[in-house]
Amino acid sequence: MKKVVLAGNPNVGKSVFFTRLSGIYAVSSNYPGTTVEISRSQISRDGVKFELIDAPGTYALEADAEAEKIAGKLIDEADIVVNVIDAGNLERNLYLTFELLEKKKPMVIALNMWDEVQRRGVRIDIQALSHILGIPVIPVVATTGEGMKKLIQTLDHARVPIIVPSSHQERWHEIGQVIQAVQSFSYHKPTWVDRLKEATLLPVSGFLIGLGVLYGVFWVVRFIGEGLINYILDPLFYRFYYPLLLGLDRHLSFSPFLRTILIGHLVDGKIDFEQSLGLLSTGIYVELGVVLPYIISFYFILGLLEDTGYLPRLAVLLDGFFHRIGLHGYAIVPTLLGLGCNVPGIMSTRILESKTERFIISVLISIAVPCASQQALIFGVLGKHGTMPVMLVYFILLLVWIILGVILKYAVKGYRPALVLEIPPYRFPYWKTLLPKLWLRVKGFLKEALPIVSLGILAVNLLFMTNLFPYIAQAIGPFFQKYLGLPSEVSLVLVLGFLRKDIAMGLLAPLQLTVKQLVISSVILAMFFPCVATFMVILKELGVKKLIQGTIIMLFASILTGLILNLVL
Amino acid sequence: MLPGQIGTITEIDHGHGLVRKLCSMGIVPGKKIMKVSQILVGGPIVIRIDDHDLALGRGIASRIKVRMEI
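First to last, the protein sequences are chains A and B.
Here our numbering is used: position 314 in the first sequence is 314, and no number is missing along the way.
Here our numbering is used: position 2 in the second sequence is 571, and no number is missing along the way.
The following block holds chain B by itself, in its conformation from the complex (with noise of 0.2 Å):
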């Protein structure tokens, strides 16, 4: 996924814990999410969820499967 584009959560493939807790925060499967930026020396990525911006660490962000909009 790259800065800027769109698409729709289908699966987060990670242990319960972190589940929940990305779930109490609104990432859940059936969102659309936008990659708003990915920052430099293995930072977070930043993610766009409804009007909110949020970072995830990069391990976590890759747990995270998207289909992409086109």
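Next comes chain A alone, as it looks inside the complex (with noise of 0.2 Å):
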């Protein structure tokens, strides 16, 4: 079976190209060893399969970032290669070209977006193209599907180039000549859409217009998440699938061991879904009955600012603020994300380039942003007491997530890469290209996340088993009394929290706090990692090492912060 590699600069619309080439039955695994995840399926033309691969976007092929390597790599073993172009950015996406000509395999050149060229009155002479490179170049349109027969029929004629290496400096002189001899522009006037797309990444209009979509966003994710959870997940688990466990429940009456792994505790005599920590009641639940809706929510919207075009310029405009805790503007995303569940926040970090940045935005976003739950539970302790108190804390986890952040920016050494940022031009999303992508990012999240997030149920609930916490809790009791000013009872709830913040909530509204100590209590639990699905991503992402490391500031930034407060309010 022949291999056949794509390359391409990153924002050519390969990823588009590659799911029009194999339908969705695309198998995205990590390249051997790193963090780069490379796509591969299988296409058959007349009986004849082809392997297809589809290499990571790169500018170039000799750098020495991890990315660029593989493409190198993986067109070194490749029999054909394709380089997918932007049309419209024919100039740059050449110095590439150029770079895969040297590697001498058979090649062919799909110049993508060849219908935004047109529109923009750009005029590319094909022939002149092929003959001047001693290739095959053939024009399509990814999204519509345009041309991309006629590509898979040319995959036959791909031709190794024949040409002569030069140097760098000499290279943008031959593309200069290539272009000089193929590519003609007419005149465009700007339009008044033209000046909008320009208002967004002024200073002042880009920063209202990035406020405006942020809240939007924000508010969108909220409105699709909790309407999946409150009129399809909640009504199906309660009317299908709870008689179902009843039913299971009264057969496993033999083994009260299997029954609480499997089932849980009963709470108040009935089997509660958040609560009774079984594999199959909690477990299920929270993953996809809390968890999922709002994975499904947030990827469709990322999936829209990625496919329009807006997400890069957001990151742009945010990077000077995201720069001052030793990060770059694409934090925002998991930063957005970790607001309704900090597991996929955590594994979106995947998209910030090295180690030290995910390890920072991870840190922060376990630590300073509560997940809906979270909220949730802010809301449900603090709320009868008025909207001060609430927006109380989170103001406090504001602050801290800034000094924590600027802390971590001078703590942790490590390399970050400085920003050079290509800003796509505004694009139309199609349904055929979102809805690919949201399906195997979801499925991606059911295949890495539930496996691990069952196993820390159970560890959880066998922990519950043995007395630990109870324990844990009598021992600090006294020091939770003489510097937090909490009674001590809150140690139990705190240290339950650790894990649990659902039996939190409920644990602390009977005990008579003062706003002050309900204030305290839920800033500490807010800032305790969200939940056992948190630590086993943490765990899975970055390592033991690292989740040690995560863990140990967690807890003093959070005590440090209740002694703060305790002295401050």
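These are computed hints drawn from the structure, not numbers from a lab.
Note that this is a predicted model, so its numbers are computed, not measured.
One or more hints might be untrue.
[Said to hold, decoys possible] Listed next, the in silico EDC-like pairs over lysine to aspartate or glutamate satisfying Cα-Cα at most 16 Å (straight line):
1) B/LYS634 x B/ASP582
2) A/LYS270 x A/ASP249
3) A/LYS355 x A/GLU541
4) B/LYS604 x A/GLU422
5) B/LYS600 x A/GLU174
6) A/LYS69 x A/GLU37
7) B/LYS600 x B/ASP619
8) B/LYS601 x A/GLU91
9) A/LYS103 x A/GLU62
10) B/LYS601 x B/GLU580
11) A/LYS413 x A/GLU353
12) A/LYS197 x B/ASP620
13) B/LYS600 x A/GLU170
14) B/LYS634 x B/GLU580
15) B/LYS601 x B/ASP620
16) A/LYS2 x A/GLU77
17) A/LYS2 x A/ASP76
18) B/LYS604 x B/ASP620
19) B/LYS604 x A/GLU198
20) A/LYS105 x A/ASP79
21) B/LYS600 x A/GLU91
Dock chain one against chain two, each of which comes alone in its own frame, and use the hints as you go.
Here you go:
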């Protein structure tokens, strides 16, 4: 089977191109030993099978970044290289093309976004380009599928280019000559749409639009997420799944242990989806009924922001701000996701380039960004005392986020790449690319998070069977009383809350605490990692060492914040 | 260089790795660029090169020397 590798710059629509060629049956996996994800698929044409591999998008092949090395390796292994080019950005794309030519592999060029080029009044002489480079050039529109058939047919005519390798200085000269020979522009007057597009990047108007978009994103995500929970998932769980579990519960009466593992403890004589802690009760409900709806709504909106081209602009606008805490603008994505659920928030840190950045933002998310259920806890505990205490808790968390970020910036050494980011033109999103992407991401979440979260719930369940938690609480109770100004009963709540936010809220309410004590307790609870799922995801994404470091930072930060609050408030 | 102004790159004064990275993205001496925007709070500089926009961190942007067009 011949290996066909897709190579091209970032933002040339390569993944859309890949989806078009392969359908949604792609398998994406990490390149062995790295965090760089590549997709593979098989296509067949006239009975001949090809293996299609999507190399990471790069500007060059010989630079030091991980993605570029892998792209280089994939191309060395390839039988045929398809160079996907953004036709509207021909000159810059040709730099990579020249590097690919030097690899002397049979090659075909796909000039993508052909429709956009024609709309903008750029003329490209395809025959001349094909002649100069000595390889076939096919214009395509990946989003609509135009030209894709012809491209597949052309794979047989892929040719090894014959060129004389040149130095880097000469390369731009050569590219300039090619461009002069094949491309011509016609004048295009800026319209009001162009001006609006530009306004999203100007200092003042850009910030205002950015704030509006962020607010809108937050609102829409909650709207979709809560809608899915209230109108689809909860009715399904309570009407159909609950009776099923009850039936199973009766059959399991022969083994109390198995029953505790699968169904969990009864709360007030009933199975409680959030508190029973069984693999089939809480395990299934938390993952599919609580986290999944937010995953779907967040990834849908994120896909929309990516496909329209607004996301890079948002990253650019916020870069200065995030830079102060040692991150770059793309850190907004995990942060936003974290406000819904910390699990996808931490998983999405993969879009950041370096390990250092991933560690910093993961710690910040899990400590200072309250997830939806932590926010529910804050509202539940403090809501009846008015909006001021609730606002106070959010304000304290924001302050913690900033201070901790600045400290981590200086404390954690490591590689922080300087920002060089291409801003793609605005594009209209297509359902046919948006939905497969959403499906791939949701599938990825289910495959990766389901098993580890189940394992975590099992672990907590087993821990609760031992009487470890009350014991710890008793030991540290006096400390809580003396330094945090909290009655020693609260220590049990906080210890339990280390892994179980849901229980914590129910236990805090009857304790008759003052508003100040409630604010301190809820800040500490919010700063603890949200749930066992978060622990497991950090473990999986960053490793044991980072998890332990993060946990220690979390304990120190939350206790210290409690101490300070007790003195200040 | 102020937003809206146009100039020609004369020199990039930085380490080899970065010059190569910028080079692969089309930022090379001799190119005409326009500064589009300068994001607040120490944010990046947005430049336009060949009808496309690029954002560069301030540190990098300050190393690109430009001959202004009058």
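Hints versus structure:
In summary, the hint linking B/LYS634 to B/ASP582 is supported, as the alpha carbons are separated by about 8 Å, within the 16 Å threshold. Pair hint A/LYS270 plus A/ASP249 holds up; C-alpha atoms about 11 Å apart against a cutoff of 16 Å. Using a Cα cut-off of 16 Å, the hinted pair A/LYS355 and A/GLU541 holds, with the two alpha carbons roughly 10 Å apart. Distance check on the hinted pair: B/LYS604 and A/GLU422 sit about 14 Å apart at the alpha-carbon level, within 16 Å; holds.
For the proposed pair B/LYS600 and A/GLU174, the alpha carbon gap of about 14 Å is at most 16 Å, so the pair holds. Distance restraint check for A/LYS69 and A/GLU37: the Cα-Cα separation of roughly 13 Å lies within the 16 Å cut-off, and the hinted pair is therefore satisfied. Between B/LYS600 and B/ASP619, the direct Cα distance comes to roughly 9 Å. Compliance with the 16 Å bound is thereby established for this hinted pair. Our distance criterion of 16 Å between C-alpha atoms is met by B/LYS601 and A/GLU91, whose separation comes to about 13 Å.
In summary, the hint linking A/LYS103 to A/GLU62 is supported, as the alpha carbons are separated by about 12 Å, within the 16 Å threshold. Using a Cα cut-off of 16 Å, the hinted pair B/LYS601 and B/GLU580 holds, with the two alpha carbons roughly 12 Å apart. Taking the CA atoms of A/LYS413 and A/GLU353, the gap is about 15 Å. The hint holds against a cut of 16 Å. At most 16 Å may separate the alpha-carbon atoms for a hinted pair to count; A/LYS197 and B/ASP620 meet this at roughly 13 Å.
About 14 Å separates the Cα atoms of B/LYS600 and A/GLU170, which keeps this hinted pair within 16 Å; it holds. For the given pair, B/LYS634 sits about 5 Å from B/GLU580 by alpha-carbon distance, which is consistent with the 16 Å threshold. About 11 Å separates the Cα atoms of B/LYS601 and B/ASP620, which keeps this hinted pair within 16 Å; it holds. Simply put, A/LYS2 and A/GLU77 have alpha-carbon atoms about 10 Å apart, close enough for the 16 Å limit, and the pair holds.
Restraint check for A/LYS2 and A/ASP76: satisfied, since their Cα atoms lie roughly 13 Å apart, inside the 16 Å limit. Between B/LYS604 and B/ASP620 the alpha-carbon distance is near 12 Å, which keeps this suggested pair within the 16 Å criterion. Between B/LYS604 and A/GLU198 the CA atoms are separated by roughly 12 Å; this keeps the pair inside 16 Å, and the hint holds. Distance restraint check for A/LYS105 and A/ASP79: the Cα-Cα separation of roughly 7 Å lies within the 16 Å cut-off, and the hinted pair is therefore satisfied.
Between B/LYS600 and A/GLU91 the CA atoms are separated by roughly 12 Å; this keeps the pair inside 16 Å, and the hint holds.
In summary, the structure agrees with every hint in the numbered list given earlier.
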